[in-house]
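Participant: Protein chains in written order, with numbering that gives the first Met the number 0: chain A, 0 to 417; chain B, 0 to 345.
If you are wondering where the hints come from, they were derived from the structure by calculation, not from laboratory data. Each hint should be verified, as a subset may be incorrect.
Unchecked claim - List of simulated lysine-lysine pairs, DSS-like, C-alpha gap at most 27 Å: (1) B:LYS3 <-> B:LYS340; (2) A:LYS411 <-> B:LYS224; (3) A:LYS403 <-> B:LYS224; (4) A:LYS403 <-> B:LYS235; (5) A:LYS216 <-> A:LYS268; (6) B:LYS116 <-> B:LYS224.
Computed from a predicted model, the values in this text were never measured in an experiment.
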Amino acid sequence: MKTKTRDLLTKNIVTIVFVILCILGIIASQQPLPFIFKELLTRVGRNTFLVLALIIPVIAGMGLNFGITIGAMAAQIVMIFAISYGATGFGGFMLCMVLSTPIAALFGYLTGVVLNKTIGQEMITSMILGFFANGLYQLLFLFLVGTVLPIGNEMYLIPGGVGVVNTIDLKGNLMYALDDLWSLKVPTVLIIAGAICTALLVWMQMKNKATQTKDQKKASYARIGMGLSLLVVGLVLNFTTNMYRFFDVPMITALFIILIAVFNIAIFKTKMGHDFRTVGQDKHIAHVSGVNVEKRRVLSIVISTVLAAWGQIIFLQNLGTLNTYGSHVQISTFAIAALLIGGASVTKATVGQAVLGVILFHTLFIVSPMAGKNLFGNAQVGEYFRTFIAYGVIGLSLGLHAWKTFAAQQRKDKIDLE
Amino acid sequence: MKDKIMHGLKSIGIPRLTIITLLIVIYIAAYVLKLDVAQLFSDNLVRMGMNGVLVLAMVPGILAGTGLNFGLPLGVICGIIGGLISIELNLTGLFGFVVAIVASIPLSVITGYYYGKLLNRVKGSEMMVGTYVGFSVVSLMCIAWLVLPFKSDAIRWPIGEGLRTTIALTDYYDKVLNDFMKFRVAGIDVPTGLLLFFFFMCFIVFLFLKSKTGLAMIATGSNNKFAKASGINVDKSRMIATVISTILGAIGILVYAQSYGFFQLYTAPLMMGFAAVAAILLGGASAHNAKIFHVIFGVFIFQGLLLAALPVANVIFPQGNLSEIMRVVVQYGIILYALTKAGGGQ
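Here chain B stands alone, though its shape is the one from the complex (with noise of 0.2 Å):
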């Protein structure tokens, strides 16, 4: 028995079991602080949901060996592309939401394919070329920001030129998913479309992991050779996750739009990667290995650590900015132990 919770422990790994407790910790602390806890546990479950699919969009790549995506920036262009269009055509409501999602998937198709093509090329450094492809792309889509022809006063500037940095979503579909069939219990106020959103996504993928196209992923992943000797087309799967994925970074970033109620342009996508790597990686996935159920608890305690970290650190030491610190510390700390964990060896 004692050998088993040892061993229980081992998997899940210090950092991730630090960082637990630490949640706890704030939870128990924000308790005795007399600040709002049910107010703080509402908002965690809408950060769940808002960040949840860009998590989900990391279990392709990490299944299919192409590791962790950090060319994610990609997807989450071609989903503001797409909900740039749905504002542009003065659309509203759920129905220009899915509008959006629908105008961005052929582009992050398009996009995903070339991209995978790319990663196919490159093996074994996927990481830091995908890392570096995303951050080229987003700063050479900082030019076109400027120079896109979209008309909607919505989206450029009253004055001068180029599109705005932030794009307000209010009279269009902000918070679409989140007020859909709202309720509160127990002072929790329950974003239930949002969080229906985010599970129907996962069972998507979920389904798509069972299928025969996912298998032959999976497998693909876990051992190339096996895979090429079992008549897979290893390429084809790698592709078809990356392709997958650039479609959830896609339908990701409009989800969070949504729920934050704008789009923010130019370099805001460059690290958006980084922080839903983080997240399934505290959710207990490695750079080999990831579960549905990893996304779901990685987005929650992720998330959950940076919404209550701010109000309780702002308590108890009202100076300096510890929340963000701890955000940062935490992000590239469980990233960095991935990769040590995975690291080649000699």
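Bound conformation, chain A alone (with noise of 0.2 Å):
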């Protein structure tokens, strides 16, 4: 039981150390609980499908994809011509979506193919790629739109007639898009997402019941009464006075998060599932099973940019300001910061550490600047350290992950030797 508990302990100290830090945090931003979840709630629906564009090229043994800002680009590249040929609302919206999956999955597959050319080195090259690509975005916005290619209004030019704007403003044309199609008060949704999740849990419960053994029952118990906690506790929220009562959760925002966290595990039911897996454990051995390995590579990171241009179409809409230049840059940072923070690796990440990982990597960033405000008397000391735990933790992550390969090629030398 002992060995147990720190086993635990030592697999997740990641998460168990960004717990406390944002229990910390909370604490001496000394803000009200509210705010800090209703902030979080907007940024756990505008960050989530991002993280989520990352896990299948994970599993598929090409790391993490930092190539996801070139996704990024491929959608702000539609939008952006999008809203200057007038696109608005939900239509606009799913045109964007349209748009820009042809062009991302183009992108994809570039990427796909110049990270088969550089096998074991793949990060390094997608995040080279990535500042490669934005200085090609820079060309195609600072340089060819105007000149070379038409824009839909002459207002999002800069004067003079060459090159887009800095930032463009989505109020009035796509901003909230998609929130506001369809949102529920909190407690309403903890009440629905508490009654499906359990009966969902009880029907298994019942199909299950004469194959399980007495752990697994255990376990299935203890999901019901997590189910029926999140039932109860939507309904006190609701007969009660408190704040959580008027906040919106965007339904159909959600809806998409749960879509495509389906899809990132159904995919893996497949047959195409199993080959990234097997892709991902050992090449030669799926070489040998008859995989192509170099298709099932492209494919990965093909999905990954596709999601990855979908996700910031969702990000923008809720942000409600396009950074021409800008809003792509840092994507890729923060949502490979915000999965290994949830507890996954480089070869490891599943779809509950993607929004774990959210939860908590946002939870941090929105109370670091009180907290350091607080704390240091200077709120730029809680700026510059959400910077660093951003990179700090990738770089302790993939430190860790080199580290563990190293030492167990290391071993794996000595049996050959002896």
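Join these two chains into a complex; the hints should help.
Facilitator: Set out below in structure tokens:
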């Protein structure tokens, strides 16, 4: 039992440290909880989709795809042109989703081809590729638009007629195009989610009753308990006076996220998903057993890039401003940091880790400026601290992973020698 | 003969050839557009000396097999701290500059030691880990710049907290190397001191590479197992290379700063490693092989390109910041090219 607890601790050490950091941060920031919750709700809706775009390449053994920046660029290219030609509302939003798909797929294909040439160095390559693509992106929007390429509305051009302006306001065209379609209050959502979960879990329990071991039974009851507590919390919030009753949950955005989460889980039940996994575990064995390794690797990056493009559109419709030359730059760092904080590694990532990671990372993001101000008398400290956290956690888990791989390799070499 | 030429061209590589051609075209364009070519060339020399040592810092890492040292910001930060110490002591001129270097060396030895230790544990992923260690330390140092107890008015903000984002060197050692024995020939200003210092550093590294330790290092990089079999301590060689690279990074930023006239704190060192990497790659180095010649040639064409492209592009295409875009594309394009060439294959 003792070793089991210790195992659990060491395996999830990153996540545990961040849970503690978040709690300390919340205390130090002296912000009211409902405020933090409301901010968090917005940020989870905004960012989760992008983080989910990272999972498939991780399983396929390509590591963390820093190239999701390129997907985000595809999204922004489509959005800027679509807005200039008058795209608005949900129709405009869907148009952007549809049009960005082939472009992102093409970018993803090219990324995949390059990454197949740098096996073992995929992450650094995808990062440099992101920087490189950013140069071409700037060439497009600073130079080609207005000289070679037409744009729908002169208003989006820099005075002088060449290049697209720095910031594009999405108010009145795409802002909240998805979020505002249908929203429910927090307690209602909790009640519905709690009821559905409980019902589903009870049904599964009934179905599996005969074949269950004792441990499985315990776990199943624990899960039902969690479902029920969601329901209870929802009911309590609904019938008492509190701030949470007034917060909206964008249901369609949530639905999009759930759909992609289900897709990420379901794909690993298919032949294609199995192939990804085999390629990720051992390229040589995959090749011998008849999987086209290179094709599968490219495909995983294509999927990731397309999802990233969609994720960026969701992100921007919530944010409300499109920073032509900046919105995409930090996307990969933040998404990857969030995923890792949730407990993922270079070779393992799940949907649950992604969601947990987004919650923890963004809690820290919300509270750190105020915490910095209260602790050091300077909000800047907190802001630099969160950047450090993002870079630091990536550096740390890359380092740990490389260390483990290297140590395993050495052990193997030793055995071979003997 | 024809084969020989073809082979030569192939070994240079198409991207490098394109960029060298581009540089020549830009210089010709500058002449045609009646820009001051002599001035352009003097600036090119200054830029070469200014960035040279930072690029030189790439050599030990590449040769010892730790790859392109994207962790260069670590050395840069040690150099900046050394420089600030010298300002804090109110030292000026060449003496101040020398003290800055001397102060930065112990710092960079310690930093390099631990960085080297880390790189020895993550063999195979040095570049990625190095990049993110560099990023982490730069962002951690952002907090440190806010709280470090420097007292000098030149370093602190006059009101508010923390150190200035840019620290002017005008009263301290601004251009001490650049102006040392400077002379003018055929309209070209030659920054003698700067170039001498750069070549002197190159020479030291060259001598080091010929020494026993240096040769052991090269052996480590070219064939790990062979080196081990011939009794070379692989980890120690890699460690020495990393320490030297970090020291060169520190000296490099001091040379850079005295020429530029400012120290830049906070996020400025973040991307400095990439420019240095791009320069040496353009000079003909790969992820596994580098020569002193690659440093000198690479930094000359890369900085020349960045410098000369700006006025030329501004005359031909007044709108848009074409030269900055070109910098991004060239810089990361050449790194990408080198990565695909070095690629693991199956």
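Participant: Against this structure, judge whether each hint is valid.
Facilitator: Comparing the hints with the structure gives:
The straight-line distance between the Cα atoms of LYS3 of chain B and LYS340 of chain B is roughly 21 Å, inside the 27 Å bound, and the hint therefore holds. Using a Cα cut-off of 27 Å, the hinted pair LYS411 of chain A and LYS224 of chain B holds, with the two alpha carbons roughly 15 Å apart. Between LYS403 of chain A and LYS224 of chain B, the direct Cα distance comes to roughly 20 Å. Compliance with the 27 Å bound is thereby established for this hinted pair. At roughly 21 Å between alpha-carbon atoms, LYS403 of chain A and LYS235 of chain B fall within 27 Å of each other, so this suggested pair holds.
With a C-alpha separation of about 24 Å, the suggested pairing of LYS216 of chain A with LYS268 of chain A holds against the 27 Å cut-off. For the proposed pair LYS116 of chain B and LYS224 of chain B, the alpha carbon gap of about 19 Å is at most 27 Å, so the pair holds.
Of the numbered hints given earlier, the model fails none.
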